[in-house]
Amino acid sequence: AQSVAQPEDQVNVAEGNPLTVKCTYSVSGNPYLFWYVQYPNRGLQFLLKYITGDNLVKGSYGFEAEFNKSQTSFHLKKPSALVSDSALYFCAVSLARSNDYKLSFGAGTTVTVRA
Amino acid sequence: DTEVTQTPKHLVMGMTNKKSLKCEQHMGHRAMYWYKQKAKKPPELMFVYSYEKLSINESVPSRFSPECPNSSLLNLHLHALQPEDSALYLCASSRGGALAEGLGEQFFGPGTRLTVL
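Protein chains in written order, with this note's numbering: chain R, 1 to 115; chain Y, 1 to 117.
Possibly wrong hints are sitting among the right ones.
Distance ranges between label pairs, derived from CB positions [what the hints assert, rightly or not]:
#, chain 1, residue 1, chain 2, residue 2, range
1, Y, Lys22, R, Pro40, 37 to 45 Å
2, Y, Met15, R, Gly62, 43 to 51 Å
3, R, Ser80, Y, Lys40, 21 to 29 Å
4, Y, Glu84, R, Pro40, 41 to 49 Å
5, Y, Asn70, R, Pro79, 38 to 46 Å
6, Y, Glu67, R, Leu82, 20 to 28 Å
7, R, Gly53, Y, Met27, 41 to 49 Å
8, Y, Gln82, R, Asp54, 31 to 39 Å
9, Y, Glu58, R, Tyr39, 37 to 45 Å
10, Y, Met27, R, Asp54, 52 to 60 Å
11, Y, Lys38, R, Glu15, 25 to 33 Å
12, Y, Ala80, R, Ala1, 37 to 45 Å
13, Y, Glu3, R, Asn30, 29 to 37 Å
14, Y, Lys18, R, Pro40, 43 to 51 Å
Hints in this document: simulated from the structure, not taken from any laboratory.
We put the beta carbon where it would ideally sit given N, CA and C, even for glycine.
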């Protein structure tokens, strides 16, 4: 069985400061890892994914994530946070099936960026 | 067209009503999903259709009935719902195929906010 954990319910940062949202995973086999963001009253938006290859993955809106196999982590980072980055962030891991992908989501982390 | 659309945006229904949620995508995706999401919680998978066939049913009560009329369209039929079924219902799609090819991300619609009275 696969799962992800987001140890922080909330992250608060000042605009312009670095933003980190933590995620650890537990899978048997190769992990397929994703980050999604959800703005109020909206659906989830895909930010980035790790399937294989380079451990540093770059995604949308200036976000990046680093896959660390030894620490089983996939933390989301942004060098300089914006107020508009305030949202709910979900880490997810996928179990690859033949034609569809069952995502297991973390509990979510609410990010608040203050001006 | 790179979006998933859902109608209606909001729905209020009584416990004896029958209603349907609709989801549409024109990205040529062959896997489509229904999720239920409560406030501030992660989405919970309900159903997966793969190549228009039901692939996963996460032990969802029979008062929820999915339907996939064609590769672009996904419906969720609702009947005799309970107040605890009030939630945001999200539809998503993905390309299908081997995940290792890097095609695994799911694209989500904006959701239907359902209130059961």
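For the hint 29 to 37 Å, verify it against the beta carbon of Glu3/Y and that of Asn30/R.
Given about 30 Å between the Cβ atoms, the range holds.
Is the distance from the Cβ of Ser80/R to the Cβ of Lys40/Y consistent with 21 to 29 Å?
holds, 26 Å
Quick one: are Lys22/Y and Pro40/R within 37 to 45 Å, going by C-beta?
violated, 23 Å
Cβ-Cβ distance between Gly53/R and Met27/Y: within 41 to 49 Å?
For Gly53/R and Met27/Y the Cβ distance comes to about 24 Å; the hint is violated.
Falls inside 20 to 28 Å, the C-beta gap from Glu67/Y to Leu82/R?
Violated: the Cβ-Cβ distance is about 41 Å, outside 20 to 28 Å.
Taking the CB of Ala80/Y and the CB of Ala1/R, does the distance hold inside 37 to 45 Å?
Cβ of Ala80/Y to Cβ of Ala1/R: about 33 Å, so the range 37 to 45 Å is violated.
Against the range 25 to 33 Å, how does the distance between the Cβ atoms of Lys38/Y and Glu15/R compare: consistent or not?
holds, 30 Å
Does the Cβ distance between Glu84/Y and Pro40/R fall inside 41 to 49 Å?
violated, 22 Å
That 31 to 39 Å hint for Gln82/Y and Asp54/R (C-beta), does it hold up?
violated, 47 Å
Please test the hint of 43 to 51 Å on the beta carbon pair from Lys18/Y and Pro40/R.
violated, 30 Å
Per the hint of 37 to 45 Å, is the separation of the Cβ atoms of Glu58/Y and Tyr39/R within bounds?
violated, 26 Å
Assuming the hint says 43 to 51 Å, is it satisfied by the Cβ distance from Met15/Y to Gly62/R or not?
holds, 46 Å
Checked against the numbered hints above, the structure violates hints 1, 4, 6, 7, 8, 9, 10, 12, 14; every other hint is satisfied.
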